[in-house]
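Using the sequences and the hints given, assemble the complete structure.
Each residue of the sequence shown is one higher than the last, beginning at 0 in numbering that gives the first Met the number 0.
Warning: the hint list may mix true and false statements.
Here are the simulated distance ranges between beta carbons [what the hints assert, rightly or not]:
| id | residue 1 | residue 2 | range |
| --- | --- | --- | --- |
| 1 | Ala129 | Gly89 | 16 to 24 Å |
| 2 | Ser13 | Thr73 | 49 to 57 Å |
| 3 | Val2 | Gly121 | 12 to 20 Å |
| 4 | Gly140 | Val2 | 26 to 34 Å |
| 5 | Ser9 | Ser39 | 19 to 27 Å |
| 6 | Gly17 | Gly89 | 13 to 21 Å |
| 7 | Gly105 | Ser83 | 26 to 34 Å |
| 8 | Arg113 | Asp16 | 48 to 56 Å |
| 9 | Asn116 | Val45 | 28 to 36 Å |
| 10 | Leu51 | Asn100 | 18 to 26 Å |
By construction, these hints were calculated from the structure, which means they are not laboratory data. The beta carbon of each residue, even a glycine, is placed where N, CA and C say it ideally should be.
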Amino acid sequence: MSVTSEATTSWKGSLADGSGEIALESSNQGPFHVDWKARSEGSASVTTPEELLAAAHSSCFSMALSHALSENGTPPETVETTASVTFIPGTGITGSHLNVNAVVPGLSAEDFARIANEAKTGCPVSAALAGIEITLEASLG
Numbered sequence: 000m001s002v003t004s005e006a007t008t009s010w011k012g013s014l015a016d017g018s019g020e021i022a023l024e025s026s027n028q029g030p031f032h033v034d035w036k037a038r039s040e041g042s043a044s045v046t047t048p049e050e051l052l053a054a055a056h057s058s059c060f061s062m063a064l065s066h067a068l069s070e071n072g073t074p075p076e077t078v079e080t081t082a083s084v085t086f087i088p089g090t091g092i093t094g095s096h097l098n099v100n101a102v103v104p105g106l107s108a109e110d111f112a113r114i115a116n117e118a119k120t121g122c123p124v125s126a127a128l129a130g131i132e133i134t135l136e137a138s139l140g
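In structure tokens:
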């Protein structure tokens, strides 16, 4: 079975002076405000495509890691992942850094690092981001 997710952006005006709203149609969430100033300078109150991409990457990786750990016979108690996606105006998206901390009883740090790296490679969002550098910091809590 395939699942298709949808989001819609309504934009008004030019790139520099305009703004838009993003609606997550599949989950009926939003609207989320988006504009160039937030994307190029940062903002604590307006989202960006990169923040949405970071949400997709962190959640996908957390699911992939949880699955891999369970398949290893060491299901996690918790997995917390932060994805930091870097955007450089004029260049584009240059990387995604995953920082994960997990509580996994009975697993060595070496095995955790190996499984986390495999999950990074196996995560479908990581595969979709194959054109950028993806880095990983993994620690057991």
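So which of the earlier hints does this model not fit? none
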